[in-house]
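In case you want the letters, here they are:
There are 2 protein chains.
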Amino acid sequence: MDNSSLTTGGFTLPGEAGYEALTLKLAKKWGADVIRDSDGTQLSDEIIQSDYDIYSTLCLVRADNEWAKANPSKLQQCCVMSQPVTADSDSTTVDLLEGYFKEQLVINTDDNPQDWWQVFDRTTGLEVDKTNWSFDASTGSVTISNTAKWHRYTVNFFCYRIWEEISMYNHVTNDWGDQEHLMPIDPIHPEARDQIRDYLTKWLDAHPHTKVVRLTSMFYNFWWFWGDPAKQKFIVNDWGSYEFSVSTAAILKFEEKFGYRPTSEDFINAGLYNNSYKVPSKLYRDWMDFINEFVVEFGKECIEMIHQRDKLAFVFYNDHWIGIEPYNERFKDFGFDGIIDGIFNGFEARKVAECPAVSVRELRMHPYLFPTGVNGEPSFLPGGKPTDECKRYWTDIRRAILRKGVDRIGFGGYLHLVENHPDFVDYIENLGTEFRQLRSLHHSGAPEELPLKVAFLTAWGNTRAWACCGHFNRGNYYNEAMESLSGLPVETVFISFEDILQGGIDSSINVIINAGLVNDSWSGGEYWSKPETIEAISQFVSTGGGLIGIGEPTALRHSDQYFQLAHILGVDREVGLTRAFNRIEFQTASDHFILADAASTLDLGKTIDNIYLTDDSTVVLSANEKSPAIATRAFDQGRCVYLAGHLYNPANVRLLLRSILWSAQKENLLDHWSCSSIHTECAYYPKSGKLVVINNSDEDQNTTVATPRGTIKLSLQANASKTIDVTP
Amino acid sequence: MDNSSLTTGGFTLPGEAGYEALTLKLAKKWGADVIRDSDGTQLSDEIIQSDYDIYSTLCLVRADNEWAKANPSKLQQCCVMSQPVTADSDSTTVDLLEGYFKEQLVINTDDNPQDWWQVFDRTTGLEVDKTNWSFDASTGSVTISNTAKWHRYTVNFFCYRIWEEISMYNHVTNDWGDQEHLMPIDPIHPEARDQIRDYLTKWLDAHPHTKVVRLTSMFYNFWWFWGDPAKQKFIVNDWGSYEFSVSTAAILKFEEKFGYRPTSEDFINAGLYNNSYKVPSKLYRDWMDFINEFVVEFGKECIEMIHQRDKLAFVFYNDHWIGIEPYNERFKDFGFDGIIDGIFNGFEARKVAECPAVSVRELRMHPYLFPTGVNGEPSFLPGGKPTDECKRYWTDIRRAILRKGVDRIGFGGYLHLVENHPDFVDYIENLGTEFRQLRSLHHSGAPEELPLKVAFLTAWGNTRAWACCGHFNRGNYYNEAMESLSGLPVETVFISFEDILQGGIDSSINVIINAGLVNDSWSGGEYWSKPETIEAISQFVSTGGGLIGIGEPTALRHSDQYFQLAHILGVDREVGLTRAFNRIEFQTASDHFILADAASTLDLGKTIDNIYLTDDSTVVLSANEKSPAIATRAFDQGRCVYLAGHLYNPANVRLLLRSILWSAQKENLLDHWSCSSIHTECAYYPKSGKLVVINNSDEDQNTTVATPRGTIKLSLQANASKTIDVTP
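For the record, the sequence lines run as chains G and F.
First residue of the first sequence? That's 1 in the numbering used here, and the numbers climb one at a time after it.
First residue of the second sequence? That's 1001 in the numbering used here, and the numbers climb one at a time after it.
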């Protein structure tokens, strides 16, 4: 690919049959080199035979609905917990699908309920003996005998999924009316794998003009239960959860490999399921590994078929991405040529930019060209402001790809929707140029990074590098901090507690960030009861490491403190049982390196309350009444920073950078290619001799850039960037 | 006693030798009938031989310091956890008293440490084998061998207490200089009991003019650790905790009775000790019962000695009150004639007013006549405003004693401090008159109460009726709600989970209030995992009972919900693990009985966040963004109200009253002797035919009183009360 042009290339346009002139006009204006189809659109021969490369979307598990209809026992499944029913007598009937969306789920009656299902008294937490319940297929209900009045009962049962969820979403969102519901087949069955092989062969025959097969994605969608439309449209949506890979067939295959059979309750976990906020159990980690191995094995076979036709295989890092895990070891075995993700934010851009083992990394921008955006905004509906929306996303994305480059950008959806938005059409032309400028600098050589390494410590580690449980989970301290980091000039890695337990803390790490809420996977939950965790991090800080705790870091109801590293952080949290105890009083320090850029009031977002000092050597920099909000402390040769909250905004981005530098004892690095205005950031590309300065705000900004050869003053218009030649 | 005079009687004045004229002048002005001494003051013969009755304070356990000094092994003890020490090698030395106040505690080396002490690795939670530690009496330290680097170690050890804490507080507060430190002896030892008998005999001989022996109080003080003055003055203060009744001798006596020996860790509980916020364990409840039995047994003997001299015995409901437990069954066995407490608030007034088995109930008012008040205010120091202070307390107390009368009020401390405060002297004269008016109405017959019974449900139940863990614990939802209830015309009882488990819910109860934070004794903690608790309350609500939950009611990490009665209350709380789940959307209802008096913004104090609906039948009346703050729901024949917080203030008092009436399905009772202005309240005394209306605010108020015979309009000056004859 040609990476030097600033007007053409690296841009994927969604074409639309019936709008050929528009397609070709915008392809030219936006400098597209690729035209793609989308879910709901087709490319006409006129488009396919134009000079553009063609990406064709392909979702193998919902591709042949006739086969799916003919083989209902080969549909994908999932394990479901019925809504709890309170017993009002000694016999209790549970309507299994009550509250769920009956166009998504049907009860699996093929596999004997008595073999697979479980009934629980959730009041006691005990399983109900199988002799005490029976399933009535005609009513879809389970009747439980000998129930205790006022106890709450649930049934874990298996369902087939009869409407593939992404297609269901697109169908409902775009009012596709009586168009047939597509169903997802499960390649865990050999018959389904055969069908997919056959289908792919025929599909490749039928798409001679396709250059890139854009797989959307492999086999299993992220977890997404819909509700009874009369009550609640959505029940749960978790981009990271493997719950839709669960089926009776997969469980049997797992049993063959691991020697034991997971129960339904292993997937239900008293209604928590295995959601991304739950610290993953050993069983669930094994399950993920098992699915990953399977998806890579069969996925590799499909990709080889594509390669044999001299086509490239790109994968969409979303939708049916479960089991792909680009940051895991096996990913390289797929042989993918490229990866694409639909993103809104900086951290998601980094997730794509740092994806290993592919040649092409592409960002699908938002707003998606649907009337209603993926995040619910009325993008192309009356009242929608697609240009403002796009500018907002691009501002956050741009600061991330200033640090790590990507190869392409693009859009998806119905192209004709842009017709009435000439400002959007012009804006995207300019955005494309700005993107190509950055891309070209990266291709010449990486920008300078500060010589320090920051590690996020969570229960997920690198498996959720630059990821959380979907798009930006606002209010999640880990996600907020990750978004702030995504545009900072520091090396960022992601480590798990299992990494530490198995291999200790890599000596190259300067600062560890632990950000989350008690018991959640981001904070670490039960891992904080393991002495090895405490030992490793104590040793790390003691010998000069930096520790930044955000929210409820190291928190667990265990031992004589709540933050398990309270004695190192210098703060702990009152959680209601120690209110009789007096606390050390403190004065707020007026002057500290990490607050040097801060305005008089910092907005840390929603902060954790009832923080108190465990030691009078803790220095409080900011407090909400008597509860410290920002505190620092030295521990042996190391340094800690506690932040009671974090919200991605310019002031907090700077606060976090300064916290990293201070805790790493590298304060002097702040004078290294940094901007005086917190609304501006910059990157220096030594190979090109170029300095890029960006204005992240909607207002004009003056800023002074500190460089090794003195300062550079400059003005930037709202949202603008400037590239300056600073060759020595 | 003469209860009819409005100018004299029912008033206890603190006399002061050297200020005889002032004493007698104020006794007359304030209408005192009793003169008392205080800690730090004495009465001269001139005062003693005046016409006033004499109360003499007596604290038996600190009365004879010579005996205490001669018998150091008979001093009171306690069990202490050393401050945690982080191991930096395989040998770790713990300075036991580091951080504690060495004028309060000395290490008990008389009882073999190896028999009594325990060392813990708090990082693992495991006890260190006794062969791995040794005590060095010369340095007061324990050295632990084979310690794991970075683990945290603590030692549970026994101390003698060498400075009786109340005397210590008065000494330090009033700069008593080199006056000898008084030491508390422990009547658990037969020798100490003999000494107390001897002392009391001699004391009674020496006090022929004393009419009332005011015991302060019996033997064991509430729990109060002081800290190293250089670091932290106070460590912990818990009015309800029995930790200062713990000693090696008492443990042996307990073992004789119960057949097993509590360990030091039973009293330390990983640093939580047995504080009032902790749900009491079975062992701790047994311990309280054991101490209570002992205190009643020996206390009764002392009181009989007093009675034999034709004196009365009054007890102070504070200081060394541990083991007295006026609300327990045994209290009547003491034979006390009266009870006195030093109080600031309405709930404390009710605690005294409803004390069973005594003839006289007396409130000691604040500010205490010390330069610095007991709550830290500069009462009689320059800048102090004792009149404003007293008016504030009296306003809260008055609304409580409007409902339940007491017999006396009084003050304590140094009388001469009022000399420079003529406004205070005048204010107290008026306050005395107002008090006597209320007293006289009560003596004629009780005021009307609404025909409904409200029960606070906590782990403490009636043992902490009208009490929490000291004076007003602001922010504690149970305490805030109790203060609001203290002035409402409803019958209020206090029940425990053990009451429910053993005897169910009394059918006379209309409404149950559960208010607290997860795991704490007020909310109930682990009791919510007991099916019997769930069953009993479900049945209660189902058959028409009302349930009011405040804060984190019924909360526990157990089952598939966090509020264990979420399915009844209609709300639950997100605690970080279920963020992937969508929630039911709601509209805020604009019109509801319980909000009819509410201003546009209610201040519920600090509220619990992340509340969500579990059911679409829940009606949300107020919300903080997406988190309901006030919600109501019907469950079968019963009704529930959820309040995300509660703060004692006029609007919330009315809100709570309305919540009670609504949940009890007795809304019509609101028209029964109620005031239109939320700043005013009233009580009707049918025997006297009098209506008393009080203005709780610092501003004049107009109010309309609903009576069975129509409305009465009236105006009240700031803080004033009016008594109106409404005889039919």
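Be aware that one or more of the hints could be misleading.
Said to hold, decoys possible - Derived lysine to aspartate or glutamate pairs resembling EDC-like cross-links, with alpha carbons at most 20 Å apart:
(1) K1530/F / E625/G
(2) K149/G / E1377/F
(3) K102/G / D175/G
(4) K1211/F / E1046/F
(5) K1233/F / D616/G
(6) K1149/F / E535/G
(7) K1606/F / E625/G
(8) K1606/F / D609/G
(9) K300/G / E325/G
(10) K1300/F / E1377/F
(11) K1233/F / E1377/F
(12) K666/G / E491/G
(13) K1233/F / D39/G
(14) K1606/F / E535/G
Said to hold, decoys possible - Here are the simulated distance ranges between beta carbons:
(15) A1599/F / T109/G: 53 to 59 Å
(16) A1623/F / G689/G: 52 to 58 Å
(17) A1589/F / T173/G: 27 to 33 Å
(18) T1143/F / E532/G: 44 to 50 Å
(19) D1636/F / T109/G: 47 to 53 Å
(20) T588/G / D1609/F: 22 to 28 Å
(21) K1253/F / E532/G: 51 to 57 Å
It should be emphasised that the hints constitute simulated quantities derived from the structure, not laboratory data.
A virtual CB, placed ideally from N, CA and C, is assigned to each residue, including glycine.
Taking the hints in turn, this is what the structure says about them:
1. The hinted pair formed by K1530/F and E625/G fails the criterion: a straight-line CA distance of about 38 Å is larger than 20 Å.
2. The hinted pair formed by K149/G and E1377/F fails the criterion: a straight-line CA distance of about 54 Å is larger than 20 Å.
3. For the given pair, K102/G sits about 18 Å from D175/G by alpha-carbon distance, which is consistent with the 20 Å threshold.
4. At roughly 16 Å between alpha-carbon atoms, K1211/F and E1046/F fall within 20 Å of each other, so this suggested pair holds.
5. The suggested pairing of K1233/F with D616/G holds, with an alpha-carbon distance near 13 Å, which does not exceed 20 Å.
6. Between K1149/F and E535/G the alpha-carbon distance is near 7 Å, which keeps this suggested pair within the 20 Å criterion.
7. Only pairs whose Cα atoms come within 20 Å are accepted, and K1606/F paired with E625/G is accepted, the gap being roughly 13 Å.
8. In summary, the hint linking K1606/F to D609/G is supported, as the alpha carbons are separated by about 10 Å, within the 20 Å threshold.
9. A distance of roughly 14 Å separates the Cα atoms of K300/G and E325/G; the hinted pair therefore holds under the 20 Å criterion.
10. A distance of roughly 37 Å separates the Cα atoms of K1300/F and E1377/F; the hinted pair therefore is violated under the 20 Å criterion.
11. Only pairs whose Cα atoms come within 20 Å are accepted, and K1233/F paired with E1377/F is accepted, the gap being roughly 17 Å.
12. Restraint check for K666/G and E491/G: the C-alpha separation of about 14 Å stays at or below 20 Å, so the hint holds.
13. This hinted pair does not check out: K1233/F and D39/G have alpha carbons roughly 69 Å apart, beyond 20 Å.
14. Our distance criterion of 20 Å between C-alpha atoms is broken by K1606/F and E535/G, whose separation comes to about 37 Å.
15. Between A1599/F and T109/G the Cβ separation comes to about 58 Å, which falls inside the hinted range of 53 to 59 Å.
16. Between A1623/F and G689/G the Cβ separation comes to about 56 Å, which falls inside the hinted range of 52 to 58 Å.
17. The given range of 27 to 33 Å is respected by A1589/F and T173/G, whose C-beta atoms sit roughly 31 Å from each other.
18. Restraint check, T1143/F to E532/G: a C-beta distance of roughly 25 Å breaks the suggested window 44 to 50 Å.
19. Between D1636/F and T109/G the beta carbons are some 34 Å apart, a value that contradicts the proposed interval 47 to 53 Å.
20. Separation of T588/G from D1609/F is about 25 Å and conforms to the stated range, judged on CB atoms against 22 to 28 Å.
21. Look at K1253/F against E532/G: about 44 Å separates their beta carbons, and that is not inside 51 to 57 Å.
In summary, the structure is inconsistent with hints 1, 2, 10, 13, 14, 18, 19 and 21 from the numbered list given earlier, while agreeing with the others.
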